[in-house]
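Start from the sequences and build out the full structure, keeping to the hints where you can.
Each protein sequence line maps, in turn, to chains A and B. 1 is the number of the first residue of the first sequence in the working numbering; add one for each residue after it. 1 is the number of the first residue of the second sequence in the working numbering; add one for each residue after it.
Bear in mind the hints are in silico, worked out from the structure with no lab data behind them. Bear in mind that the values here come from a model prediction, so they are computed numbers and not experimental data. Be a bit skeptical, because a hint or two may be false.
Restraint-style ranges between C-beta atoms, simulated for each label pair [unchecked claim]:
(1) A:GLY186 x B:VAL153: 44 to 54 Å
(2) A:PHE133 x B:VAL285: 20 to 30 Å
(3) A:GLU214 x B:ARG99: 50 to 60 Å
Quick list of in silico lysine-lysine cross-link-like pairs, BS3-like style, CA-CA up to 30 Å [said to hold, decoys possible]:
(4) A:LYS45 x B:LYS205
(5) A:LYS267 x A:LYS97
(6) B:LYS205 x A:LYS3
(7) B:LYS205 x A:LYS267
(8) A:LYS267 x A:LYS54
(9) A:LYS215 x B:LYS261
(10) B:LYS257 x A:LYS215
Every residue gets a Cβ at the ideal spot worked out from N, C-alpha and C, and that includes glycine.
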Amino acid sequence: MLKRYLSVALNHLVFLAIATYFLAPLTWLFTSAFRENPSVWVEFKGFTLENFPKVFTGETAIWVRNSLFIALTTAIIAIGCSFLAAYPFARFEFRGKTLSLFLLVLSMTIPLSAVMLPTFSLARFLRLHNTLFGVALVIAARQIPMGIWVTKEFITSIPIELEEAAWVDGASRWTTIRRVILPLCGPGLAVIGLMSFVAGWGDFTTNLILINSEKLYPISMGLYRASIEATSWGYVSVDYGVMCAIGLLYLIPPMLAFLFTHRYLVKGMVLGAVKQ
Amino acid sequence: MKKNLGVLAILLVPAFVLWSIFMLGPAIWGIRLTFTNEALTGPAARDPEFIGLANYQRLMRDPYFWGSVYRSFVFVLGSAIIGQAGLGLLLAMLTSERRRVWSRIRLTGRLATTLCWLAWVTPETLIGWCWISFLDYNGVLNQTIKALGFEPVYWMVRYGMLSIILANIWWGTGWSMMLFKAALESIPREVEEAADVDGASSWQKFRYVILPLLRRPIFVNVLLITIWTYGVFGLPFMMTGGGPGHRTELMTIYAYKTGFKYFEIAYGTTVSIGILFITLILALVYHRLLARKA
Chain A
1 MLKRYLSVAL
11 NHLVFLAIAT
21 YFLAPLTWLF
31 TSAFRENPSV
41 WVEFKGFTLE
51 NFPKVFTGET
61 AIWVRNSLFI
71 ALTTAIIAIG
81 CSFLAAYPFA
91 RFEFRGKTLS
101 LFLLVLSMTI
111 PLSAVMLPTF
121 SLARFLRLHN
131 TLFGVALVIA
141 ARQIPMGIWV
151 TKEFITSIPI
161 ELEEAAWVDG
171 ASRWTTIRRV
181 ILPLCGPGLA
191 VIGLMSFVAG
201 WGDFTTNLIL
211 INSEKLYPIS
221 MGLYRASIEA
231 TSWGYVSVDY
241 GVMCAIGLLY
251 LIPPMLAFLF
261 THRYLVKGMV
271 LGAVKQ
Chain B
1 MKKNLGVLAI
11 LLVPAFVLWS
21 IFMLGPAIWG
31 IRLTFTNEAL
41 TGPAARDPEF
51 IGLANYQRLM
61 RDPYFWGSVY
71 RSFVFVLGSA
81 IIGQAGLGLL
91 LAMLTSERRR
101 VWSRIRLTGR
111 LATTLCWLAW
121 VTPETLIGWC
131 WISFLDYNGV
141 LNQTIKALGF
151 EPVYWMVRYG
161 MLSIILANIW
171 WGTGWSMMLF
181 KAALESIPRE
191 VEEAADVDGA
201 SSWQKFRYVI
211 LPLLRRPIFV
221 NVLLITIWTY
231 GVFGLPFMMT
241 GGGPGHRTEL
251 MTIYAYKTGF
261 KYFEIAYGTT
271 VSIGILFITL
281 ILALVYHRLL
291 ARKA
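Here's what the structure looks like:
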């Protein structure tokens with residue numbers, strides 16, 4: 001009996017230690033967002049909600065707008081391209097299909113940081129550097145392999161008889177793609193959309209290499225610049241309160257997106273890596 | 001089945017164009033760049049020339065490059081292989097709902113896994129922002145240390161590598177935890193029950209029953225997070241910028257600095273070819289593994 005109590009207590013201790021490790025770096029963010037002119041200390045005084053409306057004025061409002069633009073554009077491009085390209089991979093046999101699927105999967109593993117200089121060089125060549133659309137294109141391109149893969153699985157699971165019945169009635173392939181396949185792929189496309197949105201929303205590296213005009217800064221670049229200003233020269237020109245408020249708001253979209261896609265993600269893991 | 005090559009082409013074109021320009025393109029363009037002396041400033045900016053293997057010869061003799069290779073290895077070993085996989089496996093095992101004590105430790109267990117998950121979904125620069133403040137000389141960590149009666153430390157200056165490793169473990173553990181939890185759940189209950197009948201202790205059950213069944217998921221996951229961690233750039237770059245000196249300069253950071261701070265695009269690309277090389281080899285191993293299963 002004593003042994004049982006000890007084991008329970010030990011488990012609680014380990015969990016609390018791990019929870020502390022994950023919570024401690026966030027304490028300052030959560031407290032400062034609700035304080036007037038907070039310092040780098042954690043203190044519980046001067047409670048205010050003023051920081052949140054301030055996020056939507058001035059420079060930070062531009063960051064939010066730019067982040068939203070990048071995230072939405074990324075999601076739309078990724079959904080469109082993945083859906084269209086997934087159909088032939090699921091329904092046609094064509095030369096080079098196996099090779100292209102192999103290259104798609106392989107390219108998924110190339111980190112952006114390994115190709116950031118040629119990406120910059122290429123984007124400059126195409127006059128896409130220092131544009132938000134260019135940033136979205138680069139991020140969306142990186143979502144395409146996963147997008148095609150997921151949608152392909154969805155389309156393959158739709159019985160071909162559904163389409164054939166419509167073709168017999170005189171429908172064209174375009175019609176069945178639009179009327180039969182698209183609605184049934186809804187959940188898959190939603191997952192791709194959410195993942196791409198999050199990728200665009202949280203991206204830092206693409207913006208760092210492509211954007212140099214401050215008017216085009218998304219939230220990630222704003223936080224990066226603020227961190228440099230806060231740690232250099234010893235004086236502080238950054239309003240920590242507003243920065244932490246925007247940080248908290250910055251966290252909400254990926255949290256919601258992953259709550260919705262969690263089940264698909266785990267299912268994908270089981271299929272991909274886990275299954276014996 | 002209707003055959004229609006026109007449809008096929010139209011459907012494939014948008015994805016193919018985007019993918020070849022921004023995924024295949026940079027890799028090929030990058031390899032071409034390494035044989036030139038392209039730069040952002042100076043005469044080479046206007047008129048880059050082909051200089052053969054000169055960049056690679058310089059790379060072989062560059063102590064900062066080999067230093068960054070070593071530091072990237074330490075970073076991957078510490079933060080991915082030991083940190084994320086280790087802590088992720090521990091959390092997944094401890095919060096398994098099949099444990100007999102689970103009903104009594106559920107509350108703190110769920111708290112730990114939820115926070116671990118929350119860290120994983122946090123955007124990179126927000127993690128940097130939080131960790132910089134956390135490790136600041138006046139930050140929460142030193143505040144706690146002072147309250148306990150110890151001397152505060154300049155964490156990112158004194159223990160730069162440890163700082164970025166701890167931050168990266170914090171960021172990535174959620175993924176490994178979720179993957180291992182999924183793997184554990186796919187182990188049939190009968191296997192464990194059989195071990196219980198034989199009177200195995202929980203350690204024996206873990207060591208001789210569960211762990212062998214988890215070998216494949218663990219291996220695949222370690223491979224995956226190794227590939228990803230070699231490519232990690234934003235978080236350590238934001239936290240230390242490679243400093244102090246070169247002490248946290250990973251391969252990705254060295255490549256970035258060479259290209260955008262010293263404006264040597266071609267040589268910087270040559271540095272990042274090293275990362276490409278490592279990740280591609282690991283990716284091929286990964287692909288072979290998955291293909292063998294299918």
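Results of checking the hints against the structure:
no., hint, result
1, A:GLY186 x B:VAL153: 44 to 54 Å, "holds (53 Å)"
2, A:PHE133 x B:VAL285: 20 to 30 Å, "violated (37 Å)"
3, A:GLU214 x B:ARG99: 50 to 60 Å, "holds (53 Å)"
4, A:LYS45 x B:LYS205, "violated (51 Å)"
5, A:LYS267 x A:LYS97, "holds (25 Å)"
6, B:LYS205 x A:LYS3, "holds (19 Å)"
7, B:LYS205 x A:LYS267, "holds (26 Å)"
8, A:LYS267 x A:LYS54, "violated (41 Å)"
9, A:LYS215 x B:LYS261, "holds (22 Å)"
10, B:LYS257 x A:LYS215, "holds (24 Å)"
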